[in-house]
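Q: In case you want the letters, here they are:
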Amino acid sequence: MATDNSILPDADLPRPNVSLMALLGAFVRLGMATFGGGVQAWVHRDIVVKRRWLDEKEFLSGLTVAQVLPGANPVNIALYVGMRLRGGIGGAIAVLGMVIPAFCVILVLGYLYRTYGHFEIVHFVLAGMAAAAVGATLQMGIKVAGRLPRNVMAAVVAGGCFAVVGILRWPMVPVVVVAAPISIAWAFLLERKAGNVR
Amino acid sequence: MFDSRLLGLILVFAPLSILSFGGGQAIVPEIQNQAVAVHGWLSDPQFADLFAISRAAPGPSSLICALIGWQVYGFWGAVVATVAIYLPSSVVVYFAAGWWQRNESSPIRSAIERGLAPIAVGLIFAGAVTVLRATHAGALGLATVIVVTGLLYFTKLGAYTLMGSVALIYLGIHEAMPLLAG
Numbered sequence: 001m002a003t004d005n006s007i008l009p010d011a012d013l014p015r016p017n018v019s020l021m022a023l024l025g026a027f028v029r030l031g032m033a034t035f036g037g038g039v040q041a042w043v044h045r046d047i048v049v050k051r052r053w054l055d056e057k058e059f060l061s062g063l064t065v066a067q068v069l070p071g072a073n074p075v076n077i078a079l080y081v082g083m084r085l086r087g088g089i090g091g092a093i094a095v096l097g098m099v100i101p102a103f104c105v106i107l108v109l110g111y112l113y114r115t116y117g118h119f120e121i122v123h124f125v126l127a128g129m130a131a132a133a134v135g136a137t138l139q140m141g142i143k144v145a146g147r148l149p150r151n152v153m154a155a156v157v158a159g160g161c162f163a164v165v166g167i168l169r170w171p172m173v174p175v176v177v178v179a180a181p182i183s184i185a186w187a188f189l190l191e192r193k194a195g196n197v198r
Numbered sequence: 001m002f003d004s005r006l007l008g009l010i011l012v013f014a015p016l017s018i019l020s021f022g023g024g025q026a027i028v029p030e031i032q033n034q035a036v037a038v039h040g041w042l043s044d045p046q047f048a049d050l051f052a053i054s055r056a057a058p059g060p061s062s063l064i065c066a067l068i069g070w071q072v073y074g075f076w077g078a079v080v081a082t083v084a085i086y087l088p089s090s091v092v093v094y095f096a097a098g099w100w101q102r103n104e105s106s107p108i109r110s111a112i113e114r115g116l117a118p119i120a121v122g123l124i125f126a127g128a129v130t131v132l133r134a135t136h137a138g139a140l141g142l143a144t145v146i147v148v149t150g151l152l153y154f155t156k157l158g159a160y161t162l163m164g165s166v167a168l169i170y171l172g173i174h175e176a177m178p179l180l181a182g
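Chains as they are written, first to last, in the numbering used here: chain R, 1 to 198; chain B, 1 to 182.
These are computed hints drawn from the structure, not numbers from a lab.
Keep in mind the model is a prediction, meaning the values are calculated, not measured.
Careful: at least some of the hints might be erroneous.
Unchecked claim - Chain R is faced by these chain B residues, among others (derived, beta-carbon under 8 Å):
#1 Gly40
#2 Ser43
#3 Leu63
#4 Arg114
#5 Leu123
To be verified - Each computed DSSO-like pair below joins lysine-lysine, with the alpha-carbon atoms no more than 27 Å apart:
#6 B/Lys156 with R/Lys50
#7 R/Lys143 with B/Lys156
#8 R/Lys143 with R/Lys57
#9 R/Lys57 with B/Lys156
Quick reminder that beta carbons are idealized off the backbone N, C-alpha and C, glycines included.
Isolated chain B, as found in the complex (with noise of 0.2 Å):
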């Protein structure tokens, strides 16, 4: 009863639970890499998709997991999938919570926030440009992404606002092609 593709994705996305320091930005890369190249749940175009849908809903961004489970295995799948990406770090937070608190001064904790910040920028980062190949980005696209970029950093509009905005004005774009087409 208990299928191999639920399997799957128990192994894809329980080790990336544990590892996804820096959040659920950090490990965007790996998910399209798994999801697409090596078990090819999605194509990319999909994946793109998806992840815009993860990020324009509310809760955690990494409920992409659910989306790509359900695609794999329907139902169950988004449920196994959402288990397999928040279970595992939860359990690891429970028991280093305490320690974490109790030791203010540690040096070793201290190492530890320094040696995985920088870990977790790289990541973000590398997660910015697989969703931007992902998605064919042309010249629309990667304006999109410098304009929102700039605004967010130097205006205090808010991210869904802005992706709302966006939204809308692509569907304004999208209409206006084929006059322009003429």
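Next up, chain R with everything else stripped away, as it sits in the complex (with noise of 0.2 Å):
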């Protein structure tokens, strides 16, 4: 483990040489294939498993990172890559390639949505995949509440930003603004109770 005060990536670790235009068509082709999330899957595959860039531990520790902080996970999973392999430059390209190309595309859809949207059809298959796409979101909200820790505190948490946001419809940034200590410091507290903490 790194003990250095250096920001990544580590000088004690040996680093395959790894060019900026490699790093960047990497992100490109990610970015382009990361349909409907599934981006950490992907990544492994090419990053860890195909190309050797990375090793499992770092890579794990990096989908850490990239979920607890703030930041789409995509862009947060190729900023971490990109940062380790190649330092802050390299963060900078991998995020652009992950979501320049993204971006054009998105466009073009806007732009056919602009053009077309008036027709009923369109709204109505639209909806269809919006109601395809919550239950996508359901399900990931399902299993990340599956690894909550079955306790008074992540209940309360949860359940009440979601009556708060979702059901009041309070504004998100007070919230969480508010929420966030409150709910790190609950957590800080029933560690130490449970005597993790000295």
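Dock the two chains into a complex; use the hints.
A: Structure, rendered in structure tokens:
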């Protein structure tokens, strides 16, 4: 494990020589391949298994970072991998590779929507796809909820955030600004009570 | 030259970027709230349409922000919205990732992980409810949600396969409706 104070990439680990062009190419392809979620699986298969740019442990550690810190997971994973391999510039290149082609595709789709969106059938089919996407969201929510600890704190915080933002429709920013410190402090106290913290 | 509508996009999306614990799914309710209720950039059905497009397209689903930006201020609106939703969180990750990895056994790190996870879960479910409300989902919509959730949960079918199938089925239903109505 790294003990120095340098930011990623760590000097004590051997790094494969990855050119910025190769990095860009890899993430352009990944950006176009990650339809409808599942980005972790694609990045894992390509970066860890196929190209061997990172090992399993590094990848999993990056995945946690990408999920816990703010930001879209695909973008955070790209940033992490790029930073590990080529520092800040690598991170920026990987993110651009992930975002720019997808950005172009979505603008084309947006253009088609503006041109044909007034047809009732387009709206009808999109409503069906939105319902399917809600299903994907729910499935993901259920999966993540399954990993929460079974305690009062997790239930109160998750249920409270859902009720306040989803049902009462309070704005999210102040809710999270208030809920996050409370929830983190609560988690900290729980752990200390359990004796995991000296 | 810097229009107030561009500034509006930044002021909406940059704070969401910093607070998007739990990824793009967690900020859906607030994107809807800001774009529809607060700023009136879109109607509810338009929001639902753009949500469907962003989920069907490749890349991160938070690119719905690009579509909203385009609606507000054309191409540059899309660019500004995209930068506003990705840059602030990326800066946080850039500076936090090193600390995060060096403090694997820190109780503070563990408390942050455990404290933020339930917030993300609550917001993800709130996002699902928000989109359902925006689509004015009827019996068909609700049935779709339940079937897709079940299939994704209990089978190995991919989300993209399912969305494509649902689109085809809805197309079929739409074409059959005049026949059914006689």
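Q: Run through the hints listed earlier and report the numbers of any the structure violates, in increasing order.
A: Result: hints 1 and 2 break, sorted rising.
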